[in-house]
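All chains, please: the whole structure from these sequences, using the hints.
Residue strings, one per chain:
Protein chains: 2
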Amino acid sequence: MKASVRTNEQKWEEGFVARLFEEIARRTADDQGVSRPAYSEIETETLKYLEQCARDEGLDVVYDRGRNAWFSLPEDTDAEDYVLVGSHVDSVPRGGNFDGLAGVLAGLVCLVKSRREGRKFSRPVKVIAMRGEESAWFGPCYIASKALLGVLEPGEQSAPHKGDGRPLIGHMADTGVDVGAVRGANPLVDHRHILAYLELHIEQGPMLVEKQLAAAVVSGIRGNIRHKRIACIGEAGHSGAVPRAYRHDPVLAMAELLNRLDESWLTILQKGDDLVLTCGMLGTDSETHALSRIPDSVGFSLDIRSQDTGALDEMRDLLHQEARYIETDRGVKFQFDDEIFTAPALCDEGIVEDLTGAQIRLCQKPFVMPSGGGHDAAVFANAGVPTGMIFVRNRGGSHNPGESMEISDFLQATGIIFEYLTSQSDRIYR
Amino acid sequence: MKASVRTNEQKWEEGFVARLFEEIARRTADDQGVSRPAYSEIETETLKYLEQCARDEGLDVVYDRGRNAWFSLPEDTDAEDYVLVGSHVDSVPRGGNFDGLAGVLAGLVCLVKSRREGRKFSRPVKVIAMRGEESAWFGPCYIASKALLGVLEPGEQSAPHKGDGRPLIGHMADTGVDVGAVRGANPLVDHRHILAYLELHIEQGPMLVEKQLAAAVVSGIRGNIRHKRIACIGEAGHSGAVPRAYRHDPVLAMAELLNRLDESWLTILQKGDDLVLTCGMLGTDSETHALSRIPDSVGFSLDIRSQDTGALDEMRDLLHQEARYIETDRGVKFQFDDEIFTAPALCDEGIVEDLTGAQIRLCQKPFVMPSGGGHDAAVFANAGVPTGMIFVRNRGGSHNPGESMEISDFLQATGIIFEYLTSQSDRIYR
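If you read the sequences in order, they're chains G and Z.
For the first sequence, this note's numbering gives the first residue as 1, with consecutive numbering after it.
For the second sequence, this note's numbering gives the first residue as 1, with consecutive numbering after it.
Because the hints were derived from the structure by calculation, they are not lab data.
One or more of the hints may lead you astray.
For chains that are exact copies, the list does not tell them apart, and a pair is met inside one copy or across any two.
DSSO-like, lysine-lysine: derived pairs with alpha carbons at most 30 angstroms apart [stated by the list, open to error]: (1) Lys11 <-> Lys48; (2) Lys228 <-> Lys271; (3) Lys333 <-> Lys211; (4) Lys365 <-> Lys271; (5) Lys333 <-> Lys228; (6) Lys271 <-> Lys211; (7) Lys48 <-> Lys162.
This is the structure in structure tokens:
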């Protein structure tokens, strides 16, 4: 009997989830994919649609002073201490439907499932649908979670919108956010009452596809060292007329630097440390470059990420050491812009263990991996809230309409969170 | 007595040359440097000004069917067999005044010097001031010398002007060129009567500056292998979320290729072969690239030059071998555009020897070097005309207003040609 009940449940969940994903994709469609700008009418309408769906299922819905929507079972609405489950509803321009939204729907499914099936949570649960997380609209990322915890910085508040150029804080005011509190760096919620923060998110890389697994427990969110533009300055010259000994070729100098970093990356991995390294943008000056001209300079970006601050420090040292060596060897100069540093955010070890335990109980192969992309979870973790994350298998990467998540994978991943929320843990997180 | 006479001569030459360079720079000035477009009114006016200066000095001036100006002593005007000295009068946009023009004035100085000083040439001498040589205006280079020798190809004839888009052949017709002959690939001159072709040109690299020498004899003009755009195709992904093992990063693949070619270049030089290698243009797609995105592709150019066809062949093989290795190793694909190949053009060994002998007789340190840039001389050499070139020391490279040639260096270099033209050589070139 249990098996058939389970099948019925799953059918219900599948229908519920598919309907919400499809309806929101339809309401927020762009010429390609979806566009749900941070702090926009479209975002507000998306929250209102979720509110209606939640009320239809007998859930309570309230809004905080950041105009994020909170959902809960009626009996938990006034709970002082609670486990928080959630993610964001905004998307990048012409993005995919699942990045962010999947984490909100995972929380809603847990609430509805608890109510429909009468399965009690071990502690009160609240679900949050946050606004702007994507950096694509204003530059800063994790806007809503930072505002919620009182850490959205003045420089971030005044960041101009990529379209109309008006500052973020103005757009926040338009959607009804208590911008006085945001400006005063006053938390909109007392995070000491959040027993744990859980977020489900599509994986933005290929690991789960490669490993043929539906879901993973996240160990932490990689921190990063970023340079938007490192310039290598050499000396221009005729491509045919300058012998090697008299060249100060910035392109070959950059190639050597990237190649040396690539080799060091391999060594760091062989030592068992975590690291990824990317040069996403590079180019000679299209105004002056030519086939038969040694360029005078070349610019390139670097994005180095690791779960381990030590590995980031090691790579930073290597970068500057190698650059100095090449400068001397080739008579060029590397000009570094200001480094943007984001510290790694570790998930709570107890939560990682409990989520892995839940995976095992659900007969899923337990798998723990780092998150390469940043998430709202990092803001909660860095504020001291015990944090856990679940990744769902996803083809096609993220931030593009090609995102591809199977609903069955989503339900398996959501099942881990539901199992966690409903099982008794002896662990005291705070 | 001889020393003081020499000083007076030099003073005369200095004044004559400086006046012509200055006047032509003034007449063809652009907002920066000079612009003397190929097959333009400005080019025609430059030839007319030279014609007037030559007539003032008692020289004969005629135009060929390519509307290039020919100068000679009256007694040599009808000579059947002759040594030809010359270069081009056009310039790149906002270029320097000396590239091309110096070679024409060197020839004129020789004629005027012979006439003023009564020093006879050992064989008749004609001086040619050619039109378009620079590729900047239409794409093809060496236009006038190719048309002169009947080798300007149909594709080159129809190349559109970078400004008005009209084909080269139309611009040639406007200046009075016999375009019927050009179209028919009929030589405008019988090159079998050219006993030797000599061209003086500013050096476009730093060798003479570094060596502290005023002039050099050129051994030959480097040929080249060129690719305007090689694309490396990889796979886009999130900079933080894709582990190294699952990456197909085109930028790191390109960096490895350039680094390997750079190392091979060094090995080839250590073997004593001649080679230069340049990646002048490279870039990720500015529409789609981002700091936190592994790019799906990167494009780059390659310009590989050598005096030795064998070294070019070796480097071509290495390029494709290394690319194949990296493709397999990294799961990327290199897409090569069509290779543009220009064969090396060797200067005549006898002329190189005679010019070096002239240097020694003039108490200059003899120095022989390859030319990295292409010149009209290559067209004559490849047509079978025994060819020689002299380089003049020049700071600031070429094709820019920063070209910087000392008149005293120019006169030393011109002295080599004059010495060559007036000395008896037992050598029979043809």
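Quiz item: Between copies, within a copy, both or neither: which fits Lys228 and Lys271 at Cα up to 30 angstroms?
Solution: The answer is within: 28 angstroms in one copy meets 30 angstroms, while 41 angstroms across copies does not.
Self-check item: Homomeric proximity label, Lys333 with Lys211: Cα distance no greater than 30 angstroms
Solution: between (43 angstroms within a copy, 25 angstroms between copies)
Quiz item: Between copies, within a copy, both or neither: which fits Lys48 and Lys162 at Cα up to 30 angstroms?
Solution: So Lys48 and Lys162 pass the 30 angstroms test inside one copy only (25 angstroms; across, 57 angstroms).
Quiz item: 30 angstroms Cα cut-off: does Lys333 pair with Lys228 within a copy, between copies, both or neither?
Solution: both (17 angstroms within a copy, 27 angstroms between copies)
Quiz item: What label fits Lys365 with Lys271 when the C-alpha limit is 30 angstroms: within, between, both, or neither?
Solution: Answer is within: at 26 angstroms inside a copy they meet the 30 angstroms cutoff, but 59 angstroms across does not.
Exercise. State whether the alpha carbon distance between Lys271 and Lys211 is at most 30 angstroms within one copy, between copies, both, or neither.
Key: Close inside one copy (22 angstroms), not across copies (50 angstroms); limit 30 angstroms.
Quiz item: How would you label the pair Lys11, Lys48 (within, between, both, or neither) given a Cα cut-off of 30 angstroms?
Solution: within (25 angstroms within a copy, 91 angstroms between copies)
Violated hints are absent here; each numbered hint is respected by the structure.
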